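Chains as they are written, first to last, in this note's numbering: chain A, 1 to 248; chain B, 249 to 570.
Honestly, the hints are just simulated from the structure, not real lab data. Only a predicted model underlies this, so the values are computations on that prediction, with no experimental measurement involved. Each residue gets a CB set at the ideal place from its N, CA and C atoms; glycine is no exception. Worth double-checking, as some hints may not be accurate.
To be verified - Covered by chain A, per the in silico footprint, the following chain B stretches (three or more residues, Cβ under 8 Å):
no. : segment
1   : 333 to 342
2   : 360 to 372
3   : 511 to 521
Said to hold, decoys possible - Selected chain B positions facing chain A (Cβ under 10 Å, derived; list incomplete):
no. : residue
4   : Ala284
5   : Asp323
6   : Pro411
7   : Ala532
8   : Arg534
9   : Val537
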Amino acid sequence: MAWATIARRELLAYFRTPFGWTLLTVFLLVQGYSFFLFVELMAQPLAPHGTPLRLFLGGTLLYWLFLIMVVALTTMRLLAEERRSGTLETLLTAPVRPIAIVLGKYLAAVLFYVALWLPTAVYVLLAAWLAERGTLDWGSVAAGYLGTLSVGATALAVGVLCSALTAQPLIAALLCAASLALWVLLGPLRFFVSDGPLATLLERLDVLAQLDDFARGLVDSRHLLLHGSVIVFCLTAAVGHLGLRRRP
Amino acid sequence: MTTTQSTTPPALLEVCELSKRLAGRQVLDRLSFGVAAGQAVGLLGPNGAGKTTCMRVICGYLSPSAGRVCVGGRDVVQEGLAARRLIGYLPESAPLHGELRVVEHLAYRARLRGLHGRAARTEVERVVERCGLGAVARRVIGQLSRGYRQRVGLAEALLGAPPLLVLDEPTAGLDPNQLREVRELIRSLAGTQAVLLSSHVLGEVEALCRELVVLDHGVVVAKGPLEALSAGGGVALWVTIRGPLAEIRPRLEGLPGVAVSEAIELPLEPGVVRCRLSGANDAAARERVAGTVFAAGWGLQELRVERAALESVFSQLTRERE
């Protein structure tokens with residue numbers, strides 16, 4: 001299966017270069033520090049309602065800034081670098097379908113994203129150990145991580161599409177970051193429009209609210225469906241763009 | 249267009265009336281040629297003639313605007329995957345994954361060609377040995393010289409022993425030693441695999457191919473066996489005669505079908521004249537020249553036939569369209 005071969009190579013490439021390890025280290029340091037801050041904050045008498053995990057899994061601007069940065073950096077070279085270096089030509093002239101190329105690369109990016117988040121489970125276990133028995137809602141924790149995976153997978157699909165559109169990894173990263181920032185800022189726009197279909201649409205697209213639902217332990221299938229649709233659209237567009245040269 | 253007859257078996261690669269427009273420009277215009285199994289064909293043309301575009305269409309990277317390309321009877325557009333299985337392609341700059349080791353890169357590409365496990369390992373070992381990469385097999389590609397990188401690209405094209413190899417300027421940028429090694433490698437493939445090789449360097453094509461397709465401004469201007477194309481450029485006759493220049497020139501010019509393009513008295517040998525005659529393409533004309541020299545009582549020191557080099561044929565063919 002060509003997609004599995006491509007995914008394996010891309011995943012190894014993340015860990016064969018200083019880039020992957022640097023990103024992993026910085027990610028864990030910042031996430032560890034922010035988790036510590038949230039625990040400290042929520043321990044204050046005048047702390048807002050909620051749990052540190054709710055803040056940690058999407059409740060702050062820091063989460064979004066970091067998500068955008070990580071996704072843009074993770075996906076920028078996937079196809080743009082292949083195009084820039086010329087290896088895309090040998091890949092597309094090999095007996096491999098464009099869909100296998102895009103799926104393989106996307107899968108590798110998702111697995112690397114999972115590898116980034118996986119060690120943060122230690123923070124949760126630490127919080128569970130420190131908290132009073134029975135106060136940690138494991139359902140909310142699982143839903144929060146599902147939300148992070150769902151939003152991350154959607155953002156990575158946007159990144160793969162941006163990487164397919166250009167031969168410059170830096171431009172792909174900027175395009176991806178701008179698209180994701182637009183997505184994040186789309187929800188709050190609903191406060192500036194009067195009630196109506198547009199307001200409803202913006203509400204449905206509000207990724208901040210979606211992730212807050214997940215962090216509260218609420219798994220809404222509409223959110224998953226929306227994310228799935230965006231993933232399918234972006235990957236299909238990326239496949240279509242790769243196949244463009246083959247059209248007369 | 250110059251077309252010379254060649255006795256070739258049915259084509260493994262068939263290019264029929266192939267046209268390609270890119271960015272509003274007609275890059276290829278109704279190209280037709282074929283490559284038989286085991287045959288080495290050179291795609292020759294000046295820079296910008298459309299060689300790379302032609303190869304990209306053959307390998308399925310670009311689609312034709314019109315016409316048809318078949319490899320082993322499979323249409324590269326309709327049955328792209330099946331057709332691409334029959335092709336090993338080396339693009340001009342031999343693009344490789346610089347961060348991988350040679351064997352890792354080749355194993356990755358072997359898996360993409362559907363080889364797995366022991367079959368992939370055996371195939372990688374075969375192409376590493378075939379391309380003389382044993383000494384650098386564990387080295388990171390980014391640290392290799394241009395010559396070795398080119399060989400890795402060639403090894404990649406050989407994976408799975410595809411019946412057709414498409415090599416775009418395979419020796420571009422190599423030093424003389426690397427060039428000789430890569431040429432020997434390509435020459436060793438002829439007979440077992442068909443090779444379509446592009447180059448703008450005539451010596452390259454002359455050294456590696458017996459059949460030629462000459463491309464200029466996206467059009468096939470000549471095709472056929474190398475010897476036949478060279479012969480099409482005509483012959484020149486060099487005659488060195490002991491005798492007076494003032495008499496020799498008019499006597500030779502008086503011969504039917506013969507023109508004296510050059511006649512000089514050799515500076516170091518007074519009384520000896522060297523002439524370059526054109527038009528004396530057949531043996532009868534040459535006999536008339538020799539007869540005239542003997543009849544006049546001059547001394548015939550040399551009579552040499554010089555066939556036109558492929559270079560002059562190439563210049564003539566490509567200049568005609570400018």
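*Can you list which hints this structure breaks, lowest number first?*
3, 4, 5, 6, 7, 8 and 9
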